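What follows is the residue order along each chain.
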Amino acid sequence: MIELKAVTKTFGSTTALDSISTTIPEGKIIGVLGPNGSGKSTLLKMLVGLNKPNYGTILIDGKKPSMDTKNFISYLPEIDYLYPWMTIQQAADFVKSFYEDWDENKYNELMKFLELQPSMVIKKISRGMRAKAKLLLSFSRNAKLILLDEPLSGIDVLTRDKIIETIIHDYRAGDQTILITTHEIREVEGILDEVIFIRQGQVALEGNVEELRCQRQASLVEIMKEVYSHETI
Amino acid sequence: MDFDHGKPIYLQIIDYIKKQIITDKLKIGEKVPSQRELAQQLKVNPNTVQRAYREMEGMGLTETIRGQGTFIVERRELLRELQQEMANALLVSFIIEMQSLGYDDQEILGLVEKYQKDLKEEMK
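Just so you know, the sequences run in chain order A and B.
Numbering-wise (full-length UniProt numbering), the first sequence opens with residue 1 and increments by one.
Numbering-wise (full-length UniProt numbering), the second sequence opens with residue 1 and increments by one.
Everything labelled a hint here was simulated from the structure, so no lab data went into it.
Hints may contain errors.
[Said to hold, decoys possible] A few chain B positions that, by computed beta-carbon distances, are all more than 10 Å from chain A:
| no. | residue |
| --- | --- |
| 1 | G6 |
| 2 | G29 |
| 3 | A39 |
| 4 | N45 |
| 5 | L90 |
| 6 | V112 |
| 7 | E121 |
[To be verified] The list that follows gives simulated cross-link-like pairs (lysine-lysine, PhoX-like), each with its CA atoms no further than 20 Å apart:
| no. | chain 1 | residue 1 | chain 2 | residue 2 |
| --- | --- | --- | --- | --- |
| 8 | A | K28 | B | K43 |
| 9 | B | K43 | A | K162 |
| 10 | A | K112 | A | K70 |
| 11 | B | K7 | A | K225 |
| 12 | A | K45 | A | K63 |
[Said to hold, decoys possible] Partial chain B-side listing against chain A, Cβ under 8 Å, derived:
| no. | residue |
| --- | --- |
| 13 | H5 |
| 14 | K43 |
| 15 | N47 |
| 16 | Q106 |
Everything numeric in this text was worked out from a predicted model, so none of it was measured.
Beta carbons: idealized from backbone N, C-alpha and C, even for Gly.
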């Protein structure tokens with residue numbers, strides 16, 4: 001379980017997160033949605049410990065983000081973090097050396113499923129393939145908490161489909177928690193249990209996706225438009 | 001699968017299975033796909049599929065045999081019941097929509113008969 005208590009994060013004069021409080025349950029797929037600059041990525045970075053809050057507390061299973069929590073968190077950053085000169089295999093060996101929960105069988109199986117080759121060099125493959133390679137590395141660990149920051153952005157439809165399939169294929173329902181930030185709401189609509197809409201560093205709306213859809217008789221995209229109707233996205 | 005906006009996805013999964021039975025793609029007593037297979041196929045959350053399967057079992061539509069999987073119950077009347085259920089739902093929404101357009105019962109019946117005839121003519 002993840003608890004955020006009045007968490008504020010500022011960068012200079014910009015407030016990325018404004019006294020945000022929420023509880024994120026275990027064993028579910030949760031969408032963290034919102035327009036650019038709403039604070040989604042900052043939230044994920046703070047869970048991994050890359051950013052520290054100015055005020056407030058973050059607890060993951062009762063612990064502050066630290067080396068301890070890193071061991072069970074797999075984080076897929078939005079940026080291209082893989083060394084361009086490495087092959088996929090070298091990148092995998094690199095990640096493997098940091099984490100005990102690396103699962104070689106899963107790695108090999110996913111490699112096939114995603115139609116990648118260990119010998120592919122990161123800088124020579126397409127953007128879509130790099131996105132798949134990033135996904136491969138984050139899903140080859142048996143991590144309890146997976147944080148995916150914009151895993152679908154700037155990627156073609158077929159690859160986006162494959163990424164969604166991979167998430168479903170590998171997700172251990174009930175005991176794994178996945179947090180996804182994305183703009184591609186239509187694509188993730190079917191796979192989310194819960195949703196948190198962030199607006200200007202605060203929670204604008206959160207809840208169970210099925211319940212929200214029923215209550216409002218609307219799709220997530222429509223709900224999102226409603227939530228952000230008074231601002232320009 | 002394209003989802004209907006205001007309806008819970010787990011109910012839409014159940015409808016999907018029912019349609020498969022009515023259209024004979026899934027037969028009485030036959031094994032239904034595993035939860036993970038169906039989740040992948042329909043691109044929905046495994047937790048949602050799990051809920052749909054639980055409800056189907058509760059409704060007496062399926063039964064799970066340990067170690068073997070989930071099966072459509074072996075009841076001959078099932079097909080007929082599902083047909084009736086879907087027909088009922090279609091009729092209710094048809095009548096409500098027609099009434100909201102301002103047609104009375106007699107007019108609705110007349111229109112149905114007229115269109116049945118027209119369709120038959122077209123088929124010839």
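*Minimum Cβ-Cβ distance from A39/B to chain A exceeds 10 Å*: Its Cβ does come within 10 Å of chain A, the nearest being 5 Å, so this is violated.
*asked:* Please verify that the nearest CB of chain A lies beyond 10 Å from N45/B's CB.
replied: 5 Å, violated
*For the hint on H5/B, just tell me whether its beta-carbon gets within less than 8 Å of chain A.*
For H5/B, the interface hint holds, since the closest Cβ of chain A sits about 4 Å away, which is under 8 Å.
*Holds or violated: is the Cβ of G6/B farther than 10 Å from all Cβ atoms of chain A?*
The assertion about G6/B is violated, with a minimum of 4 Å to chain A.
*asked:* Given N47/B as an interface hint, is its Cβ closer than 8 Å to any Cβ of chain A?
replied: 5 Å, holds
*Please verify that hint: K43/B, Cβ, nearest Cβ of chain A, below 8 Å or not.*
With a closest approach of 5 Å, the K43/B hint holds.
*Does K70/A lie within 20 Å of K112/A when you go C-alpha to C-alpha?*
With Cα atoms ~27 Å apart, K112/A and K70/A exceed 20 Å; violated.
*asked:* Please verify that the nearest CB of chain A lies beyond 10 Å from E121/B's CB.
replied: 39 Å, holds
*Looking at L90/B again, its CB stays over 10 Å from all of chain A?*
20 Å, holds
_Would the hint linking K28/A and K43/B be met if the CA-CA limit is 20 Å?_
Roughly 15 Å between the alpha carbons, so the hint for K28/A and K43/B holds.
_Consistency of the no-contact label for G29/B, given chain A and a CB cut of 10 Å_ = Non-interface label stands for G29/B: nearest chain A Cβ at 27 Å, farther than 10 Å.
*Tell me if Q106/B is really an interface residue toward chain A, meaning its C-beta lies closer than 8 Å to one of theirs.*
At about 33 Å, which exceeds the 8 Å cut-off, the nearest Cβ of chain A leaves the hint on Q106/B violated.
Figure legend: structure checked against the earlier numbered hints; hints not met, in rising order: 1, 3, 4, 10 and 16.
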